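2 protein chains.
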Amino acid sequence: MSDEHLKEHLYERKELFKGSFLHALRDTVRLPDGQLATREYVVHPGAVVVVPLLKGEDDQIRVVLERQYRYPVGQVMVELPAGKLEAGEDPLLCGQRELLEETGYTANEWAKAGEMHLAIAYSTEVIHVYFARGLTLGQQQLDAGEFLDVFTATPQELVQWCRNGTVTDAKTLSCMVWLQQWLERPESMDWQASKG
Amino acid sequence: MSDEHLKEHLYERKELFKGSFLHALRDTVRLPDGQLATREYVVHPGAVVVVPLLKGEDDQIRVVLERQYRYPVGQVMVELPAGKLEAGEDPLLCGQRELLEETGYTANEWAKAGEMHLAIAYSTEVIHVYFARGLTLGQQQLDAGEFLDVFTATPQELVQWCRNGTVTDAKTLSCMVWLQQWLERPESMDWQASKG
Numbered sequence: 011m012s013d014e015h016l017k018e019h020l021y022e023r024k025e026l027f028k029g030s031f032l033h034a035l036r037d038t039v040r041l042p043d044g045q046l047a048t049r050e051y052v053v054h055p056g057a058v059v060v061v062p063l064l065k066g067e068d069d070q071i072r073v074v075l076e077r078q079y080r081y082p083v084g085q086v087m088v089e090l091p092a093g094k095l096e097a098g099e100d101p102l103l104c105g106q107r108e109l110l111e112e113t114g115y116t117a118n119e120w121a122k123a124g125e126m127h128l129a130i131a132y133s134t135e136v137i138h139v140y141f142a143r144g145l146t147l148g149q150q151q152l153d154a155g156e157f158l159d160v161f162t163a164t165p166q167e168l169v170q171w172c173r174n175g176t177v178t179d180a181k182t183l184s185c186m187v188w189l190q191q192w193l194e195r196p197e198s199m200d201w202q203a204s205k206g
Numbered sequence: 011m012s013d014e015h016l017k018e019h020l021y022e023r024k025e026l027f028k029g030s031f032l033h034a035l036r037d038t039v040r041l042p043d044g045q046l047a048t049r050e051y052v053v054h055p056g057a058v059v060v061v062p063l064l065k066g067e068d069d070q071i072r073v074v075l076e077r078q079y080r081y082p083v084g085q086v087m088v089e090l091p092a093g094k095l096e097a098g099e100d101p102l103l104c105g106q107r108e109l110l111e112e113t114g115y116t117a118n119e120w121a122k123a124g125e126m127h128l129a130i131a132y133s134t135e136v137i138h139v140y141f142a143r144g145l146t147l148g149q150q151q152l153d154a155g156e157f158l159d160v161f162t163a164t165p166q167e168l169v170q171w172c173r174n175g176t177v178t179d180a181k182t183l184s185c186m187v188w189l190q191q192w193l194e195r196p197e198s199m200d201w202q203a204s205k206g
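As you go down the protein sequences, you meet chains U and H in turn. Counting in the working numbering, the first sequence runs from 11 upward without gaps. Counting in the working numbering, the second sequence runs from 11 upward without gaps.
To be clear, the hints were calculated from the coordinates, so they are not data collected in a lab. Every value quoted in this text rests on a predicted model; they were computed, and no experiment measured them. Treat the hints with care, as some may be off.
Since copy identity is lost for identical chains, a pair holds within one copy or between any two.
No more than 30 Å apart at the CA atoms, straight line, and that leaves these computed lysine-lysine pairs for DSS-like [what the hints assert, rightly or not]: (1) K28 / K17; (2) K24 / K122; (3) K94 / K28; (4) K94 / K17; (5) K205 / K65; (6) K24 / K94; (7) K24 / K205.
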């Protein structure tokens, strides 16, 4: 099935602005019916979110979570560890770096679960989703100006918090797709030993 | 538990730009340790996403979905019907309007399932999540320059597409939290008759 009746094609590009964090473009595009329209959007380097599975002394699995103040929404949010890709960075290495920096954990096995496009109306951002297990606690290495609490919850608690409004962060909500798949079929994850 | 060790407070605000669609601010904020930092983000009016449940002649429930080209990610995306709030618009009325405009369906019962914050690092956007049932097909009323296909899938197919990478739109992935809850416990939805 062809998608030509849906596609839009670049006609002209203008930089809207380049801030220290946000970079935005305004493209004029040709619509499927030949008309022109404008599309304004944020150019994003991509990101990684990690679902870290911590096995307790009671053999119960718990997910490592963060509480972090998110200024644009003016709230402390419960969310999975995540961070932006640095230029040219491999997503898996980014996930390992962010997990260590934000929570202090390293993991000896990693599995790629999927990808999501975060805000398709106005951002290029793609988030790579990894699961991590075999966790060892080391030293958290927060960036200057980064403040967050680390805590854990059972997968069942986390799913419940997503359902009842305790968690409203879309990247964390989206990860429930793969957390519930893992709860149903633990063998569905393709675990790879961590290198190095 | 106090969140003062996490909170950031506005110190100074500057408009980054106001486009025809995007509106962005750069705020200088005071961090919990007293230092200053900048936060650049998009101001968004909020949005609604609808999970429309269509009962077929075979009594099988199917979810109404769309295929739409999303320019920032350069792909045709499979997604739930959704749209932005107009100034002062009630989210439920927005959901009813968008469902009719994009798919041609009206629904005689609606249930609020939850809310999500879409891109908490750089947008104020909140998306209200509604389920709709008792659907009647009328006339699609696409905006000028809007092009999309409407189709249906069973809830089980949709969950599978989310797991296997066919669906990567975060708002649609996030809605699986409540779709799976509804599959497990149909009585969990608080249905209200549509007014008017």
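For each hint, the structure was consulted:
no.	hint	result
1	K28 / K17	both (27 Å within a copy, 26 Å between copies)
2	K24 / K122	neither (36 Å within a copy, 40 Å between copies)
3	K94 / K28	both (17 Å within a copy, 25 Å between copies)
4	K94 / K17	both (29 Å within a copy, 21 Å between copies)
5	K205 / K65	within (21 Å within a copy, 50 Å between copies)
6	K24 / K94	both (25 Å within a copy, 24 Å between copies)
7	K24 / K205	neither (42 Å within a copy, 45 Å between copies)
When held up to the earlier numbered hints, the structure conflicts with 2 and 7 and fits the remainder.
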